[in-house]
Structures are given as C-alpha cells and as structure tokens.
Amino acid sequence: MKNKLSENILKIITIGAAIITISVLLFIIIFILSKGIPYLKPSLFSLDYNSENVSLLPALITTVAVTVLSLIIAAPVSIFAAIWLCEYAKRGNKLVKLVRITAETLSGIPSIVYGLFGMLFFVSFLGWGYSLLAGAFTLSVMILPLILRATEEALTAVPDSWREGSFGLGAGKLRTVMRIILPAAAPGIFSGIILAVGRIVGESAALIYTAGSVAQIPENVFDSARTLSVHMYALSSEGLHVGEGYATAVILLIVVVLITMSASAAIAKKVGRGGNV
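Here our numbering is used: the first residue of the sequence shown is -1, the next is one more, and so on.
Certain hints may be false.
[Claimed, not checked] Derived DSS-like pairs: lysine-lysine, alpha-carbon spacing no greater than 30 Å straight-line:
(1) 171 <-> 88
(2) 171 <-> 92
(3) 171 <-> 95
[Stated by the list, open to error] Pair ranges (Cβ atoms, derived):
(4) 163 <-> 8: 38 to 44 Å
(5) 119 <-> 169: 41 to 47 Å
(6) 259 <-> 51: 28 to 34 Å
(7) 234 <-> 124: 30 to 36 Å
(8) 170 <-> 51: 57 to 63 Å
Please keep in mind that the hints were generated in silico from the structure rather than gathered at the bench. In this text, a Cβ means the ideal position worked out from N, Cα and C, and glycines have one as well.
My request is simple: use the sequences and hints to build the entire structure.
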C-alpha cells in the first residue's frame, strides 16, 4: 500500500514537473512571437545596416559564419580526443582522468570568463583584434568539452561485442574505429554537435569581448561583426529599437528550431538506413 502511494506521488510530481516545463516553454515562445512578429518587415532583411534601418541580415550571416568556423575548429579536436580516450588510452590512465576533469571544469565556466580569456589571448596577445576569427576560436574552446563528452558517451554506448567481432574478422584498430564504431556512434555525436550549435547561436557575452559589435557583413575573418544574439542585445540596451530586438529574437528562435529539426531528421534518416545505435 505504501509502495503504491509512493509511486502515485512520484507520478504526480513527474507529471507536474513536465507540465510546468512545457508551460514555461510555451509562455516564452508566445511572448517572443507576440512582441516580435509585429515588427518583422522587409527592411529588417536589407544588406545595409544604418540608424534608420536596423537590419538583422548582416547579423544572421555572421551567425552562420561564426557557427561554421567554430565547428570546423572544435568538432575534429573534440571527436578525435574522445576517440583517443575511449579506444586508445589505457583504462585507469591518469592522463585520461585529467582530461575528463578538465573537460568537466571547462563545461562549468561562465561564458563571460571565456570572453575575457578570448579578449586577452586572441584579441590582444595574438593581435587579431575584434574579429570573426577571435570570436570563433573563443566559442570553439567553449563548446569543445560539450562535443567531447557527448562523443565519449556515444562511443562508450557501442557494445564491445562489435569491436571484438571486427577484430575477429581481421580488421585493425583504426579500421574498426572508422568503419564500425564511429558510424554506430554518429547519432550521439550529432546530438552533441546540435547542443554546441545551440550554445553558439545563443551566445553573446563571449562574442562582445572578441568579435565586437560592428553591424556589417564581414569581408574576411579578421573583420569585426555581430551575431544575432549580440544584435538583439545591442538593440535592447540602446532602447531605441526594442521592437526590432524582439523581431530579432523571433528570427533567432526560428533559426534554432530549424537547425534542431534538420539535424534530428538527418540523425533519424541515418539511423533508419544503417540501423545504428
């Protein structure tokens, strides 16, 4: 009787927590849409930004560029580091423990600290100035532990019997990793990359100190530029175009949803084809 009562209480708490979470999410979405949609107009998608037309298109293009650059830098390092941790390093190795502790520590550092580090190292010490490249490298350091941990968990989830079967058929370590383990772990790796993209798109503090806030389309990686999140922050803090700031939030929300849905569809398609984990 007591066990059944406890189960019912836990069930009610779980359902209540789920309802609260969904309600908060819906409230945020509805609030942003109601505030921003009235200010969505063609002029916001102009190539030129000026005081009369606070176009968000340059920020949108910069967001895509920063995201691609950050993933190009961070994803290979994170994935190959996770492969080394799971497939090549000896279990119980002190270096492995150190890498994992470091990754967990980096995950908990506030983004403003990353911004200050990027400003001191990439902007000042390396002399890159406020630039797209400095912002991308700062964000790559920020998302590196996120992708690494997701990849490590995905690789660990692959059954050891798959490895043993591959070795039994005469395949080497590298071939087993590349042909058997990585394809099986791909959905988990992609999930980590999706989370990293979400953090990049929504980041503002780190980019203000590294990429700057110039509201123009960058001509090269050493130009200063602003992303959608920085653009939204700038408009809101100035107080002159708060409505356009909400409109930018709508576009930012749509971008995140489209990226998540596209990536999820790609993962589902891959799993359906290959029958992976």
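Going down the list of hints, with the structure as the test:
1. 171 <-> 88: Holds, at roughly 14 Å.
2. 171 <-> 92: Given pair residue 171, residue 92 holds - Cα atoms ~22 Å apart, limit 30 Å.
3. 171 <-> 95: 23 Å, holds
4. 163 <-> 8: 38 to 44 Å: 41 Å, holds
5. 119 <-> 169: 41 to 47 Å: Cβ of residue 119 to Cβ of residue 169: about 42 Å, so the range 41 to 47 Å holds.
6. 259 <-> 51: 28 to 34 Å: Roughly 30 Å apart at Cβ, these two residues keep to the hinted range, so it holds.
7. 234 <-> 124: 30 to 36 Å: 31 Å, holds
8. 170 <-> 51: 57 to 63 Å: Given range 57 to 63 Å: holds, Cβ gap about 60 Å.
When the structure is compared with the earlier hints, no violation turns up for any of them.
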